[in-house]
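Chain order of the listed sequences is A and B. Residues 13 to 299 in the numbering used here are what the first sequence lists, from first letter to last. Residues 86 to 455 in the numbering used here are what the second sequence lists, from first letter to last.
Because the hints were derived from the structure by calculation, they are not lab data. Computed from a predicted model, the values in this text were never measured in an experiment. Each hint should be verified, as a subset may be incorrect.
As the list claims (entries may be wrong) - Derived lysine-lysine pairs resembling DSBU-like cross-links, with alpha carbons at most 35 Å apart:
id	chain 1	residue 1	chain 2	residue 2
1	A	LYS219	B	LYS114
2	A	LYS159	B	LYS113
3	B	LYS114	A	LYS224
4	A	LYS110	A	LYS83
5	B	LYS444	B	LYS368
6	A	LYS285	B	LYS403
7	A	LYS110	B	LYS114
8	B	LYS412	A	LYS163
9	A	LYS163	B	LYS113
10	B	LYS113	A	LYS224
11	B	LYS412	B	LYS114
12	B	LYS113	A	LYS218
13	A	LYS218	B	LYS403
14	B	LYS152	B	LYS229
15	B	LYS403	A	LYS134
16	B	LYS403	A	LYS291
17	B	LYS152	B	LYS368
18	A	LYS291	A	LYS219
19	B	LYS403	B	LYS114
20	A	LYS159	A	LYS291
21	B	LYS113	A	LYS219
22	B	LYS305	B	LYS373
23	A	LYS219	A	LYS163
24	A	LYS285	B	LYS114
25	A	LYS110	B	LYS403
26	A	LYS218	B	LYS412
27	B	LYS296	B	LYS158
28	A	LYS291	B	LYS338
29	B	LYS403	A	LYS163
30	B	LYS412	A	LYS134
31	B	LYS373	B	LYS158
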Amino acid sequence: MKEKKMKRSDFLKLAATATVTGAFLKSGKTSAKEEIGAQAIEADLSKLPREIVYKNELLRMQEDLLRALKKPLKERKWSMVLDLRRCIGCSACTIACKAENVLPPGVVYRPVVDEEIGTYPKVTRRFIPRPCMQCENPPCTPVCPVKATHKREDGIVVVDYERCIGCRYCITACPYNARSADFGEVYTEGTPIVQDYELRPNFEYKKEWPRKHGVSPIGNARKCHFCIHRIEEGLLPACVTTCIGGATYFGDNNDTDSLVSDLIARPNITTLKSELGTKPKVYYIWG
Amino acid sequence: MRLLYKIFWGICFAVGAIAVGERLVVGKKLLNLGSYVTWGLWVSLYIYLVGLSSGAYIFTSLASVFKLERFAKLRKISLLASLVTLVAALVAIILDLGHWERFWHVFIHPTPSSMMSWMVWLYSLYFLLLTMQVFFVFSAKAEKAQFLFLIGFPLAIAIPVCGGSLFGVIGAMPYWHSAIFPVLFFFEALLSGIALITLLSILLGLARDDKEGIFVILPKILLGLLVANIVLETGVMAVPLWGQIAYHIDAVKLVLFGEFWWVFWIAHIGLGCLIPLLLLLSKTNIIKVAVASGLIAITFMSVRLNIVIPALTIPELKGLENAFIEKRLMFSYVPSLHEWQVSLFIVALAIGLFYAGMKFLPTLLERRKA
Numbered sequence: 013m014k015e016k017k018m019k020r021s022d023f024l025k026l027a028a029t030a031t032v033t034g035a036f037l038k039s040g041k042t043s044a045k046e047e048i049g050a051q052a053i054e055a056d057l058s059k060l061p062r063e064i065v066y067k068n069e070l071l072r073m074q075e076d077l078l079r080a081l082k083k084p085l086k087e088r089k090w091s092m093v094l095d096l097r098r099c100i101g102c103s104a105c106t107i108a109c110k111a112e113n114v115l116p117p118g119v120v121y122r123p124v125v126d127e128e129i130g131t132y133p134k135v136t137r138r139f140i141p142r143p144c145m146q147c148e149n150p151p152c153t154p155v156c157p158v159k160a161t162h163k164r165e166d167g168i169v170v171v172d173y174e175r176c177i178g179c180r181y182c183i184t185a186c187p188y189n190a191r192s193a194d195f196g197e198v199y200t201e202g203t204p205i206v207q208d209y210e211l212r213p214n215f216e217y218k219k220e221w222p223r224k225h226g227v228s229p230i231g232n233a234r235k236c237h238f239c240i241h242r243i244e245e246g247l248l249p250a251c252v253t254t255c256i257g258g259a260t261y262f263g264d265n266n267d268t269d270s271l272v273s274d275l276i277a278r279p280n281i282t283t284l285k286s287e288l289g290t291k292p293k294v295y296y297i298w299g
Numbered sequence: 086m087r088l089l090y091k092i093f094w095g096i097c098f099a100v101g102a103i104a105v106g107e108r109l110v111v112g113k114k115l116l117n118l119g120s121y122v123t124w125g126l127w128v129s130l131y132i133y134l135v136g137l138s139s140g141a142y143i144f145t146s147l148a149s150v151f152k153l154e155r156f157a158k159l160r161k162i163s164l165l166a167s168l169v170t171l172v173a174a175l176v177a178i179i180l181d182l183g184h185w186e187r188f189w190h191v192f193i194h195p196t197p198s199s200m201m202s203w204m205v206w207l208y209s210l211y212f213l214l215l216t217m218q219v220f221f222v223f224s225a226k227a228e229k230a231q232f233l234f235l236i237g238f239p240l241a242i243a244i245p246v247c248g249g250s251l252f253g254v255i256g257a258m259p260y261w262h263s264a265i266f267p268v269l270f271f272f273e274a275l276l277s278g279i280a281l282i283t284l285l286s287i288l289l290g291l292a293r294d295d296k297e298g299i300f301v302i303l304p305k306i307l308l309g310l311l312v313a314n315i316v317l318e319t320g321v322m323a324v325p326l327w328g329q330i331a332y333h334i335d336a337v338k339l340v341l342f343g344e345f346w347w348v349f350w351i352a353h354i355g356l357g358c359l360i361p362l363l364l365l366l367s368k369t370n371i372i373k374v375a376v377a378s379g380l381i382a383i384t385f386m387s388v389r390l391n392i393v394i395p396a397l398t399i400p401e402l403k404g405l406e407n408a409f410i411e412k413r414l415m416f417s418y419v420p421s422l423h424e425w426q427v428s429l430f431i432v433a434l435a436i437g438l439f440y441a442g443m444k445f446l447p448t449l450l451e452r453r454k455a
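Pulled out of the complex, with its shape left as it was, chain A reads as follows (with noise of 0.2 Å):
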């Protein structure tokens, strides 16, 4: 009984961290134009009792987040471990990253592969997340004829909107058709109001995207950037905020203190298409 009460606080107290942290983590965006930036979220996490922090997988992978935001970039080596034992198939993460990504009819970063097994009556099904694997050796760079995809010293493999020339021999090269192409539809287009939300802006990379005809990204080949946008804004991708089976991690492999490096560490953990050679950093425990 004592141990149930124990739990229960245990509980009210990571909800109302949790809250705390979401607060800190809203005020941290508009902080970030004051040069604030992640300081203040970071501050507060490393006052909250460590058992807390270890014990919400959100909370320790914030707090992974922030140390490895004080490391040179080179020294970051960002990984994502996708449970697939705790993947309901909700597609929410698929989701957020549209809404995060304002992506276009088409664009698709983090589709759900949905595996059916067995054969009736004995049948389950598997549901395989599959963003951009960021490739230590990604086949998709080298073919691109103006270097305008790249490996950043972090590992992201990102493109440049603005010198991308919309040839589309990336898509060709990527052996896990983790590349999209814009052709610069709306959701909207065709019904009587093209809505507000599909023209708004986005974000990635750091910079303001408009919506506009001929403009960047329109015209463009898009891939998921682990959110390069938020994480260097203390927060974590979207895709890993919004899954409600805490599926999806994310955080530093080169710190040996967090919880990706924990996971990557076990003998259930593997690569897609690992025979490839292409050494992804997106890894995924099957079970």
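Following the hints, put chain B in place on chain A, whose structure we already have.
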């Protein structure tokens, strides 16, 4: 009759030009391409036209470098055909780019690791060279053009080889990722290019007074190249099928037995290989040669379509086709009317430029000389 042809050409050009206008104003919304099948009709048309251009040029430069004078009278037709097909190919690929206004980035951000960069650099050189040679040949300064063939010959060989490598280096696509692709592209370019020159020279009446016996040799060259191409293509199809690994044979099965099987069996094998083969093997006359070369040159587009599209319609990950269903996230593709219209414009442009070149270039350059 000639007027009828002109009216027909005018209609094709106008219908196509409207679509080009739409492409420039509306953007790429009218295309049926997507994020998975991201290259389609225009890229196929582009490699088809580039193949015709480089194949025709390799033949002419080979004849010039080795001083095979009997082929000298094909030079004008061949060079002009090479130039106009190259121009048309560049129009096709520029319209296919998401940001065509930035094509110059390829020159200011050189990327030697990209086959596409090499392709653009080689085409630029080739375009300059061809323009100069057309100018020299039509203004009776053949000796200057002769010298340029020494540079142009290796360059023209490099172009189809580079085109084949553009696909061959893509490890993600098992159908493309083959060392034979650069070799295949070279032979395909040669076959389609020589077929085009043969057809054009017959249409322009060069076969009427064939003292040099060109039209006795050309069918034999075509026959040899056709057989070589059939052997190479059989290799491309048979080797993966023999291996029986699904990953390698998915696209091949699609070409042979998929929804568009007829593009391969009827357009390519039937019209582009078997009929020309029978015509060229039988006792030839000029009509048979014209039909055979015409069929090879025209139906070669089916080969290009079957290289570009099937590979892209195979999902890299099983189940991805149902992961997020949207029009532009499908692993299938049929060109839209808009894409056909623009293609019509490009073909009409090439024909128009060739006609105008043959008709007006000699007079223009003579006047300039005077």
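Now the hints, each set against the structure:
Between the alpha carbons of LYS219 (chain A) and LYS114 (chain B) the distance comes to roughly 25 Å, so the proposed pair stays at or under 35 Å and holds. For the given pair, LYS159 (chain A) sits about 23 Å from LYS113 (chain B) by alpha-carbon distance, which is consistent with the 35 Å threshold. Using a Cα cut-off of 35 Å, the hinted pair LYS114 (chain B) and LYS224 (chain A) holds, with the two alpha carbons roughly 13 Å apart. In summary, the hint linking LYS110 (chain A) to LYS83 (chain A) is supported, as the alpha carbons are separated by about 30 Å, within the 35 Å threshold.
Between LYS444 (chain B) and LYS368 (chain B), the direct Cα distance comes to roughly 34 Å. Compliance with the 35 Å bound is thereby established for this hinted pair. For the hint pairing LYS285 (chain A) with LYS403 (chain B), the CA-to-CA distance comes to about 12 Å; that is within 35 Å, so the pair holds. Taken as a hint, the LYS110 (chain A) and LYS114 (chain B) pair is honoured in the structure, with Cα atoms around 20 Å apart against an allowance of 35 Å. Simply put, LYS412 (chain B) and LYS163 (chain A) have alpha-carbon atoms about 30 Å apart, close enough for the 35 Å limit, and the pair holds.
This hinted pair checks out: LYS163 (chain A) and LYS113 (chain B) have alpha carbons roughly 28 Å apart, not beyond 35 Å. This hinted pair checks out: LYS113 (chain B) and LYS224 (chain A) have alpha carbons roughly 13 Å apart, not beyond 35 Å. For the suggested pair LYS412 (chain B) and LYS114 (chain B), the alpha carbons sit about 12 Å apart, so the restraint of at most 35 Å is met. For the proposed pair LYS113 (chain B) and LYS218 (chain A), the alpha carbon gap of about 26 Å is at most 35 Å, so the pair holds.
The hinted pair formed by LYS218 (chain A) and LYS403 (chain B) meets the criterion: a straight-line CA distance of about 34 Å does not exceed 35 Å. Restraint check for LYS152 (chain B) and LYS229 (chain B): the C-alpha separation of about 14 Å stays at or below 35 Å, so the hint holds. Taking the CA atoms of LYS403 (chain B) and LYS134 (chain A), the gap is near 21 Å; set against the 35 Å cutoff, the hint holds. Only pairs whose Cα atoms come within 35 Å are accepted, and LYS403 (chain B) paired with LYS291 (chain A) is accepted, the gap being roughly 20 Å.
For the given pair, LYS152 (chain B) sits about 29 Å from LYS368 (chain B) by alpha-carbon distance, which is consistent with the 35 Å threshold. Restraint check for LYS291 (chain A) and LYS219 (chain A): the C-alpha separation of about 29 Å stays at or below 35 Å, so the hint holds. Taking the CA atoms of LYS403 (chain B) and LYS114 (chain B), the gap is near 28 Å; set against the 35 Å cutoff, the hint holds. About 21 Å separates the Cα atoms of LYS159 (chain A) and LYS291 (chain A), which keeps this hinted pair within 35 Å; it holds.
Restraint check for LYS113 (chain B) and LYS219 (chain A): the C-alpha separation of about 24 Å stays at or below 35 Å, so the hint holds. Among the hinted pairs, LYS305 (chain B) with LYS373 (chain B) is consistent with the structure: their alpha-carbon atoms are about 13 Å apart, no more than 35 Å. Our distance criterion of 35 Å between C-alpha atoms is met by LYS219 (chain A) and LYS163 (chain A), whose separation comes to about 18 Å. Proposed proximity of LYS285 (chain A) and LYS114 (chain B) is supported: the alpha carbons are some 33 Å apart, at most 35 Å.
A hinted pair counts as satisfied when its Cα atoms are at most 35 Å apart, and LYS110 (chain A) with LYS403 (chain B) qualifies at roughly 22 Å. Taking the CA atoms of LYS218 (chain A) and LYS412 (chain B), the gap is near 29 Å; set against the 35 Å cutoff, the hint holds. Of the pairs offered as hints, the one joining LYS296 (chain B) and LYS158 (chain B) holds, with about 11 Å between alpha carbons and a cut-off of 35 Å not exceeded. Proposed proximity of LYS291 (chain A) and LYS338 (chain B) is supported: the alpha carbons are some 30 Å apart, at most 35 Å.
For the hint linking LYS403 (chain B) to LYS163 (chain A), the alpha-carbon distance of about 27 Å falls within 35 Å, and the restraint holds. Between LYS412 (chain B) and LYS134 (chain A) the alpha-carbon distance is near 33 Å, which keeps this suggested pair within the 35 Å criterion. The suggested pairing of LYS373 (chain B) with LYS158 (chain B) holds, with an alpha-carbon distance near 21 Å, which does not exceed 35 Å.
Every hint, counting from the list given before, is met by this structure.
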